[in-house]
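Chains as they are written, first to last, in my numbering: chain A, 1 to 278; chain B, 1001 to 1278; chain C, 2001 to 2278; chain D, 3001 to 3278.
These are calculated hints, taken from the structure and not from any lab test.
Among these hints, one or two may not hold up.
Claimed, not checked - With a straight-line cut-off of 25 Å between C-alpha atoms, the simulated DSS-like cross-links for lysine-lysine are:
#1 D:3036 to A:127
#2 C:2127 to B:1031
#3 B:1035 to C:2127
#4 D:3036 to A:46
#5 D:3127 to A:127
#6 C:2127 to B:1036
#7 B:1127 to C:2035
#8 D:3127 to C:2035
#9 B:1127 to A:35
#10 D:3035 to D:3157
#11 A:157 to B:1157
#12 C:2027 to D:3127
#13 C:2157 to D:3157
#14 D:3035 to A:127
#15 B:1127 to B:1046
#16 C:2036 to C:2046
#17 B:1036 to B:1046
#18 C:2127 to B:1027
#19 B:1127 to A:27
#20 D:3251 to D:3086
#21 C:2127 to C:2027
#22 C:2036 to D:3046
#23 D:3027 to A:127
#24 D:3127 to C:2127
#25 D:3046 to A:127
#26 D:3031 to D:3127
#27 A:31 to A:127
#28 A:35 to A:127
#29 A:36 to B:1046
#30 B:1157 to A:36
#31 A:27 to A:46
#32 B:1036 to C:2046
#33 B:1157 to C:2046
#34 A:127 to B:1127
#35 C:2031 to D:3127
#36 B:1027 to B:1127
#37 C:2036 to D:3127
#38 A:157 to D:3157
Protein chains: 4
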Amino acid sequence: MVFMGNFKGHALPGSFFFILGIWWTIKYILKYAFKKQKRTSYLDSKALFHRAEMLEGIVIVGMTLTGILGEQFYPGGPHLTLYDYKEGQWVQLLSWQHFTMYFFFGLLGVTNILSSTVVSLPASFSKLMLSNALFVEAFVFYNHIHGREMLDIFVHKLLVLVVFSTGVIAFMELFAQTSITVELLRTSLFLLQGSWFWQIGFILYPPSGGPAWDLMDHDNVMFLSICFCWHYATAISIVGAIYVFVTWLVKSRFTRFCPSEVGLLKNAEREPESEEEM
Amino acid sequence: MVFMGNFKGHALPGSFFFILGIWWTIKYILKYAFKKQKRTSYLDSKALFHRAEMLEGIVIVGMTLTGILGEQFYPGGPHLTLYDYKEGQWVQLLSWQHFTMYFFFGLLGVTNILSSTVVSLPASFSKLMLSNALFVEAFVFYNHIHGREMLDIFVHKLLVLVVFSTGVIAFMELFAQTSITVELLRTSLFLLQGSWFWQIGFILYPPSGGPAWDLMDHDNVMFLSICFCWHYATAISIVGAIYVFVTWLVKSRFTRFCPSEVGLLKNAEREPESEEEM
Amino acid sequence: MVFMGNFKGHALPGSFFFILGIWWTIKYILKYAFKKQKRTSYLDSKALFHRAEMLEGIVIVGMTLTGILGEQFYPGGPHLTLYDYKEGQWVQLLSWQHFTMYFFFGLLGVTNILSSTVVSLPASFSKLMLSNALFVEAFVFYNHIHGREMLDIFVHKLLVLVVFSTGVIAFMELFAQTSITVELLRTSLFLLQGSWFWQIGFILYPPSGGPAWDLMDHDNVMFLSICFCWHYATAISIVGAIYVFVTWLVKSRFTRFCPSEVGLLKNAEREPESEEEM
Amino acid sequence: MVFMGNFKGHALPGSFFFILGIWWTIKYILKYAFKKQKRTSYLDSKALFHRAEMLEGIVIVGMTLTGILGEQFYPGGPHLTLYDYKEGQWVQLLSWQHFTMYFFFGLLGVTNILSSTVVSLPASFSKLMLSNALFVEAFVFYNHIHGREMLDIFVHKLLVLVVFSTGVIAFMELFAQTSITVELLRTSLFLLQGSWFWQIGFILYPPSGGPAWDLMDHDNVMFLSICFCWHYATAISIVGAIYVFVTWLVKSRFTRFCPSEVGLLKNAEREPESEEEM
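Looking at chain A on its own, in the form it has when it is part of the complex (with noise of 0.2 Å):
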């Protein structure tokens, strides 16, 4: 409570999600490119993908276990006390709750670290424990929300309603085959999430110490349901630039080594690509 009550609580998740979405977001649109280049880099790639999963899995633990020490040993912090049998009372439940979230993202760190070192580890395990760490995200902020006022009520469970979509999301991933465009949705999605952690904060906690919005100010709910739609459509964007770009690079590295091929190659994608399109 002590750690999260404030502005950098919020900013600290925000980031992480953030950075986590643009990260995601670059790594499935090159895996696109490159599929659609069909060069003989691509192998290459994919023994670098592996790497950069492994890596992506590092950081990944290594972002919770800050966040999981910042709860936990922040002055004020429950310092790994549950329950004060003193006091007959439960300690820094908060606290605990944020503990509870990190820790699950923190599993899914583990599970993509053990997908890229043991082979016979399905790579849908990867997604399951997304998938998870979402849904239990989800349950947690739910579950949080309880006794306060009006607008901090209401962005939370915008939280919640974005967080829950991208578990459904990858849970669907679970049952079909995965396309770019699914991937990108949730990648997205986790841009939202980023975006509103930072919104949260600055609406509860501004940090330029002026005060706090009117939390029981109807047509700040109004406008705030507006904001969530902008804060997407430019996710979308950022989403739709990285796209531009990276598909740019890829193509312009491969011109440059083979270009008449790869004019070539081009004529004959645009069949099947129009075809899918019927």
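Position chains B, C and D relative to chain A; hints supplied.
Okay, now just chains B, C and D, sitting in the frame of chain A:
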């Protein structure tokens, strides 16, 4: 509020969705009929569809721009002002809500244009943007109905229901192979949405200038729940009529050129068809 | 209201759904059994099924017409009058609700007839119309239960639950390859719906003329929630019994003609079967 | 009520689900490991699995019979009496609710036995019965929590949540190709359900004889929402440990017989694996 809060403000988006629904119904049935004929002219029609899709995107962008400009610069509109610092309150939030909805449909139009010009863009991107636009519309309408009267809330809830359902269908299409049946279900829901917008206009702002409906009478709620189903029955009938007409048109056009072959084809097709039924 | 508001008004649709459920169960199991036998007579049976499906459509249309005419022209019914301009109020809205529900099942019947006569109609259209009819039924019943007493609301909510579930299953079948398991799940829910209509009739309008149940006793609610499960257990048992009987019938009929071959086939089939289980 | 309304009444189904979860986890991982090894002994293991599945069905039937008989004939139980005509009231409805839940799991056991003995039964029938049993359990528990105290309601709602989620997953498996990831997700939720039954027993009827928890303290609700997540984390860890152990066991057993070939196989497998990741 000024712009949308009258009959024309509901008739405009209603017509927009209705025309879109009619056009998509024709497009999907035409594609299906051409595919079944498996003719040489199929390739020509493909180029035609490509161009039609670009035109579709341009029309959607034009329509949404009309809506956005109408919302913003109508006398009494917000004129792009979001916050009135003098009076310390938000300016015309309802108008900004409509702006947001139009904006996401505008994104769909832009994606359509890009998909039909840039080769490397996956075709399912348009479907994703459609799903996004519908979910955003449902979300905004859901946060739109605060503090209104019973009947007003009820008709808008039905609108949210149909918009959300359409969004779910577009979302499901991301995961599964699309089929003519699902596509026509989607377009029939678009027709429903369009005609329901008109119905709302007639209920809340009767153009005849007569008295509005009694917004607190529960019998009106009951009637409108039936009326909503009748709108849908009408939408299904329209889709059915278009199906009959387009299929007849494509068949008659082909029979003129090669009457004997088509007859043979018909018999050949009968088998896999009934196989599928098993 | 007059027509449906008694025991017969619930027994009629109950019998309608129950008979439909029984017939579909037999049809799907027969098809499955024939497919497994892979015999020459399979083609004959195909033509037979084709004709059966047309008959099915005609029967459905006939049943719904009976329901519609009964609702409208029963003494005290609305006689196709929707609004009483003299008294300024709606006429018999409950009857019009029932009319709407019957109408959508009528559309299903018409689609069935068209599907089995017109070649170019995709077979999944019937499934779409079934899904539509069920969703409309659930929607209307959901808006049907305003201002009633606790037990009355509860039994109708359970009806909405089963109708909506059946609709969801029919809807899912549009996206995924259908299987005998899902088809039998759907028909078992139809049996449940049919028998539950009878149960509602017995509760609200005891045909023995005895006193109705105490509509405000919470113990009755608890019992009916269990009773609902028992109805479903019975439906499952009926489907199971039909499965055993039909499979035995098909097997015995084939063994009579070519006993040795079938024996060989059985062994050949055993392998892929157990493969699937893995 | 008498039987279930104590610690043992919650420990019994808890152990039942926990053991089932452990067994299924082992079974699915074993099958997956055998499939990856693609060895001759695979066919032998198939026969073994067949027999194991029959045993599984018999054990489930035995367990549910124990539960049913315990509910009915425990001193103070209903002894198969449903309605007390003398006092004009239902007899022990809570016991009948538990009876219903056990009964549907019994149906699952019977289907398991039939599936592994009768060849013509589709393998997905067991999955359907599992889904049915879980939905019925969630439905009954949902109608079980009327008029209790806050914490009591909350822990039972969480139970409904996990049971319903498991049902949804089993239902989805009817439509999509099943995968080891989804199967392990399902079994981990079974472990969670089992351990949560124990947790409920400890909260409502502390076996130590000490005072029960304060059922009206909101801090307890908050703690239990975290505790629920920790139960799930434990379930995931158990599944992970079983995965490591079983995979190691299968590998070591095969390496003993044909060490060189397996090494080759491993390299061959590495490629498609990482392909899938792309």
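Cross-check of the supplied hints:
1. Only pairs whose Cα atoms come within 25 Å are accepted, and residue 3036 (chain D) paired with residue 127 (chain A) is accepted, the gap being roughly 21 Å.
2. Between the alpha carbons of residue 2127 (chain C) and residue 1031 (chain B) the distance comes to roughly 21 Å, so the proposed pair stays at or under 25 Å and holds.
3. Distance hint between residue 1035 (chain B) and residue 2127 (chain C) is fulfilled; the C-alpha atoms sit about 22 Å from each other, no more than 25 Å.
4. Taking the CA atoms of residue 3036 (chain D) and residue 46 (chain A), the gap is near 22 Å; set against the 25 Å cutoff, the hint holds.
5. The straight-line distance between the Cα atoms of residue 3127 (chain D) and residue 127 (chain A) is roughly 23 Å, inside the 25 Å bound, and the hint therefore holds.
6. The hinted pair formed by residue 2127 (chain C) and residue 1036 (chain B) meets the criterion: a straight-line CA distance of about 21 Å does not exceed 25 Å.
7. Between the alpha carbons of residue 1127 (chain B) and residue 2035 (chain C) the distance comes to roughly 37 Å, so the proposed pair goes past 25 Å and is violated.
8. A distance of roughly 22 Å separates the Cα atoms of residue 3127 (chain D) and residue 2035 (chain C); the hinted pair therefore holds under the 25 Å criterion.
9. The suggested pairing of residue 1127 (chain B) with residue 35 (chain A) holds, with an alpha-carbon distance near 22 Å, which does not exceed 25 Å.
10. With a CA separation close to 39 Å, the supplied pair residue 3035 (chain D) and residue 3157 (chain D) exceeds the 25 Å bound.
11. The suggested pairing of residue 157 (chain A) with residue 1157 (chain B) holds, with an alpha-carbon distance near 20 Å, which does not exceed 25 Å.
12. For the suggested pair residue 2027 (chain C) and residue 3127 (chain D), the alpha carbons sit about 22 Å apart, so the restraint of at most 25 Å is met.
13. Straight-line distance between C-alpha atoms of residue 2157 (chain C) and residue 3157 (chain D) comes to about 20 Å, which keeps the hinted pair within the 25 Å bound.
14. Using a Cα cut-off of 25 Å, the hinted pair residue 3035 (chain D) and residue 127 (chain A) holds, with the two alpha carbons roughly 22 Å apart.
15. Using a Cα cut-off of 25 Å, the hinted pair residue 1127 (chain B) and residue 1046 (chain B) holds, with the two alpha carbons roughly 19 Å apart.
16. In summary, the hint linking residue 2036 (chain C) to residue 2046 (chain C) is supported, as the alpha carbons are separated by about 14 Å, within the 25 Å threshold.
17. Among the hinted pairs, residue 1036 (chain B) with residue 1046 (chain B) is consistent with the structure: their alpha-carbon atoms are about 14 Å apart, no more than 25 Å.
18. Between the alpha carbons of residue 2127 (chain C) and residue 1027 (chain B) the distance comes to roughly 22 Å, so the proposed pair stays at or under 25 Å and holds.
19. The suggested pairing of residue 1127 (chain B) with residue 27 (chain A) holds, with an alpha-carbon distance near 22 Å, which does not exceed 25 Å.
20. Of the supplied pair hints, the one linking residue 3251 (chain D) and residue 3086 (chain D) is violated, its CA atoms being roughly 67 Å apart against a limit of 25 Å.
21. In summary, the hint linking residue 2127 (chain C) to residue 2027 (chain C) is supported, as the alpha carbons are separated by about 15 Å, within the 25 Å threshold.
22. A hinted pair counts as satisfied when its Cα atoms are at most 25 Å apart, and residue 2036 (chain C) with residue 3046 (chain D) qualifies at roughly 22 Å.
23. Distance check on the hinted pair: residue 3027 (chain D) and residue 127 (chain A) sit about 22 Å apart at the alpha-carbon level, within 25 Å; holds.
24. As the CA atoms of residue 3127 (chain D) and residue 2127 (chain C) are separated by approximately 23 Å, the hinted pair is consistent with the 25 Å bound.
25. Annotation: proposed proximity of residue 3046 (chain D) to residue 127 (chain A) is violated, straight-line Cα distance about 29 Å (limit 25 Å).
26. For the suggested pair residue 3031 (chain D) and residue 3127 (chain D), the alpha carbons sit about 17 Å apart, so the restraint of at most 25 Å is met.
27. Our distance criterion of 25 Å between C-alpha atoms is met by residue 31 (chain A) and residue 127 (chain A), whose separation comes to about 17 Å.
28. For the given pair, residue 35 (chain A) sits about 21 Å from residue 127 (chain A) by alpha-carbon distance, which is consistent with the 25 Å threshold.
29. Distance check on the hinted pair: residue 36 (chain A) and residue 1046 (chain B) sit about 22 Å apart at the alpha-carbon level, within 25 Å; holds.
30. Restraint check for residue 1157 (chain B) and residue 36 (chain A): the C-alpha separation of about 44 Å exceeds 25 Å, so the hint is violated.
31. A threshold of 25 Å between alpha carbons decides the hint, and for residue 27 (chain A) with residue 46 (chain A) the separation of about 11 Å falls inside it, so the pair holds.
32. Taking the CA atoms of residue 1036 (chain B) and residue 2046 (chain C), the gap is near 22 Å; set against the 25 Å cutoff, the hint holds.
33. A hinted pair counts as satisfied when its Cα atoms are at most 25 Å apart, and residue 1157 (chain B) with residue 2046 (chain C) does not qualify at roughly 46 Å.
34. Between the alpha carbons of residue 127 (chain A) and residue 1127 (chain B) the distance comes to roughly 23 Å, so the proposed pair stays at or under 25 Å and holds.
35. With a C-alpha separation of about 21 Å, the suggested pairing of residue 2031 (chain C) with residue 3127 (chain D) holds against the 25 Å cut-off.
36. A distance of roughly 15 Å separates the Cα atoms of residue 1027 (chain B) and residue 1127 (chain B); the hinted pair therefore holds under the 25 Å criterion.
37. Between residue 2036 (chain C) and residue 3127 (chain D) the CA atoms are separated by roughly 21 Å; this keeps the pair inside 25 Å, and the hint holds.
38. Among the hinted pairs, residue 157 (chain A) with residue 3157 (chain D) is consistent with the structure: their alpha-carbon atoms are about 20 Å apart, no more than 25 Å.
Hint compliance for this structure: hints 7, 10, 20, 25, 30, 33 are not met, and every other hint is.
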